[in-house]
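Colleague: In the order they appear, the protein sequences are chains Y and H. FYI, the numbering for the first sequence is 1 to 271, going by UniProt numbering. FYI, the numbering for the second sequence is 1 to 226, going by UniProt numbering.
No lab work stands behind these hints: they were computed from the structure. Heads up, a few of these hints could be off.
[Unchecked claim] Derived DEER-like restraints, expressed as beta-carbon distance ranges:
#1 Y/Thr10 with H/Asp121: 18 to 26 Å
#2 Y/Asp195 with H/Arg117: 23 to 31 Å
#3 H/Leu209 with Y/Asp65: 32 to 40 Å
#4 H/Ser65 with Y/Asp53: 27 to 35 Å
#5 Y/Asp63 with H/Leu69: 39 to 47 Å
#6 H/Arg117 with Y/Arg5: 45 to 53 Å
#7 Y/Ala222 with H/Arg117: 37 to 45 Å
#8 Y/Asp53 with H/Gly56: 15 to 23 Å
#9 Y/Asn104 with H/Gly60: 19 to 27 Å
#10 Y/Arg28 with H/Asp121: 24 to 32 Å
#11 Y/Ala222 with H/Asp121: 31 to 39 Å
#12 Y/Asp167 with H/Ala71: 52 to 60 Å
#13 Y/Phe232 with H/Thr135: 45 to 53 Å
#14 Y/Asp53 with H/Leu209: 16 to 24 Å
Owing to the predicted nature of the structure, the values given are computational and were not obtained by experimental measurement. Just so it is clear, CB atoms sit at the ideal spot from N, CA and C, and this is done for glycine as well.
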Amino acid sequence: MIEYRSIGKTFADGTEAVGDFSLVLPSRTTTVFVGSSGCGKTTLLRMVNRMVDPSRGQVLIDDVDIATRNRVELRRSIGYVMQNAGLLPHRKVIDNVATVLRLNGVGKKEARDRSYAVLETVGLDTSLATKYPSQLSGGQQQRVGVARGLVSDPNILLMDEPFGAVDPIVREELQTELLRLQRDLDKTIVFVTHDIDEAFLLGDQVVILKKGGEVAQVGSPADILAAPADDFVRSFVGIDKGSRTLHVEERDGVRVVVDGTGKATGVLESS
Amino acid sequence: MSVVNDTVDWFADSSHWSGDDGVPHRLVQHLGYTSLTVLIAAAIAIPIGLWIGHTGRLRGLAVVSSGALRALPTLGVLTYASLFTGIGIKAAIFTLVLLAIPPLLAGAYAGLESVDRQTIDAARAVGMTEWQILTKVEVPLALPLIIGGVRSATLQVVATATVAAYVPGPGGLGRYLIDGLALSDYPRVVAGSVVVIVLALALDGMFVLLQRLALRNRPAAVRTTA
Ligand SMILES: Nc1ncnc2c1ncn2[C@@H]1O[C@H](COP(=O)(O)OP(=O)(O)OP(=O)(O)O)[C@@H](O)[C@H]1O
Ligand SMILES: [Mg+2]
């Protein structure tokens with residue numbers, strides 16, 4: 001369990017990225033932070049592995065204040081997929097992935113084998129393993145980033161817009177893969193995105209954020225859709241645009257589902 | 001043209017290629033001064049430069065003091081140092097070390113500053129210690145610029161190590177210049193300069209190879225040039 005207790009963050013230059021934020025993230029579930037650019041998602045995420053230290057309040061993992069834990073050991077125990085992939089340019093793809101294992105004291109051979117396996121899991125051709133990051137496309141680099149986050153099989157996985165640079169088809173593949181992994185592995189995932197559809201797809205708990213890390217609403221996707229807290233949430237999840245309000249129309253005895261804009265989106269089957 | 005011909009004759013004279021005052025012996029002495037100086041200066045300047053580059057602290061001080069060191073007149077320092085160490089080889093090495101420090105320092109901290117902040121952030125995020133970040137990420141990526149610093153320090157010291165002949169001691173290639181001037185033996189002066197120049201060019205070539213070697217196996221996009 002991860003818990004934010006009255007967290008605040010003011011950066012050295014005076015920017016208040018997070019005002020006052022409290023939340024519990026239950027173990028073995030996926031929590032998604034969603035909000036527009038600059039609202040403090042990355043800042044909140046990086047507090048979990050102490051890449052950012054809060055100015056006020058505490059972050060607890062399993063009831064232990066992480067400020068009391070050694071930062072290097074804490075980081076090694078948490079998987080982190082960075083917003084910009086963040087690969088080491090002077091190391092080959094395979095070594096970038098294996099680095100995490102080597103830091104955790106895994107032997108060379110085993111680290112390589114496990115890294116190859118996880119590259120396959122994220123759908124990267126193993127022929128890319130011996131290339132350097134700069135020789136890969138942005139999407140491929142992001143997948144390497146995902147592989148590096150997964151490779152040490154951490155209990156906690158932090159993912160910062162991990163599918164931002166891949167095309168919609170690959171993104172859907174990776175999302176499906178992540179859902180499958182989550183079913184099998186039961187990790188505590190903290191996922192950041194600015195895409196509400198991705199948030200609803202992946203999140204058990206979705207946190208809609210406003211500027212300064214202010215919580216607009218927390219809940220399951222169904223809860224949020226059923227009872228949006230305010231106009232901000234209504235417009236953010238797209239209820240106002242009509243794409244989320246569906247109704248059924250009869251056409252030649254078939255029940256067609258139509259959204260608020262009049263666009264047909266599917267057919268209702270009787271169960 | 002006579003100086004050129006006389007210089008060619010000087011090189012052709014086999015007596016100038018053997019014995020204590022022969023070219024090979026003087027060359028070895030000169031290389032000895034140079035490497036001793038660069039080693040001492042590197043042992044002082046590179047750790048300081050890496051610390052400044054890694055922490056970002058005292059950078060201003062390093063820039064100012066490097067500038068001041070560069071501005072020092074070599075012969076003035078040699079004279080001043082001789083007041084403390086006595087007139088001798090120690091004073092010469094001390095002077096040369098001061099000369100070699102600024103380029104070494106600059107190569108080290110500028111090299112580290114050239115490393116992308118996001119790369120360092122990523123290394124920290126996967127759980128590298130600060131020492132691992134320095135040795136496994138920053139120094140490898142900064143290596144071309146660090147070697148660049150050693151290269152310019154070495155070239156400056158090779159050229160300036162001729163001052164070692166002003167003080168009693170082995171002397172090095174500077175002997176040809178100082179003795180030649182004292183005796184108005186100009187072919188000897190020119191020959192001495194030519195040997196210094198050839199040595200400098202050879203060392204420069206060696207460093208070019210070293211810098212290439214530091215970048216071997218890396219794709220072009222990763223290479224930073226010195
Ligand atoms: N190191 C820093 N120093 C100063 N200000 C910062 C720093 N990091 C972030 N900020 C500021 O804090 C605010 C929140 O930044 P953060 O990176 O958390 O946003 P985000 O929600 O992740 O945005 P995006 O979707 O664009 O990635 C922004 O206004 C940003 O400019
Ligand atoms: Mg962000």
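Colleague: All hints are to be evaluated individually against the structure, with a verdict given for each.
Modeller: We went through each hint and held it up to the structure:
Evaluation of the 18 to 26 Å hint for Y/Thr10 and H/Asp121 yields a pass: the beta carbon distance comes to about 20 Å. Our hint of 23 to 31 Å for Y/Asp195 and H/Arg117 holds, since their Cβ atoms are close to 27 Å apart. Between H/Leu209 and Y/Asp65 the CB atoms are about 54 Å apart, so this pair departs from the stated range of 32 to 40 Å. Checked against the hint of 27 to 35 Å, the pair H/Ser65 and Y/Asp53 passes, with Cβ atoms roughly 33 Å apart.
Taking 39 to 47 Å as the suggested C-beta distance range, the pair Y/Asp63 and H/Leu69 does not conform, at roughly 56 Å. For H/Arg117 and Y/Arg5, the Cβ-Cβ distance of about 30 Å falls outside the hinted range of 45 to 53 Å, so the restraint is violated. Our hint of 37 to 45 Å for Y/Ala222 and H/Arg117 holds, since their Cβ atoms are close to 41 Å apart. Distance hint check for Y/Asp53 and H/Gly56: the Cβ-Cβ separation is about 18 Å, which falls inside the suggested range of 15 to 23 Å.
Restraint check, Y/Asn104 to H/Gly60: a C-beta distance of roughly 39 Å breaks the suggested window 19 to 27 Å. For the hinted restraint 24 to 32 Å between Y/Arg28 and H/Asp121, the CB-CB distance of approximately 29 Å keeps it satisfied. Taking 31 to 39 Å as the suggested C-beta distance range, the pair Y/Ala222 and H/Asp121 conforms, at roughly 37 Å. As the Cβ distance of Y/Asp167 to H/Ala71 is approximately 58 Å, the hint placing it in 52 to 60 Å holds.
The given range of 45 to 53 Å is respected by Y/Phe232 and H/Thr135, whose C-beta atoms sit roughly 49 Å from each other. A hinted range of 16 to 24 Å for the beta carbons of Y/Asp53 and H/Leu209 is inconsistent with their spacing of about 46 Å.
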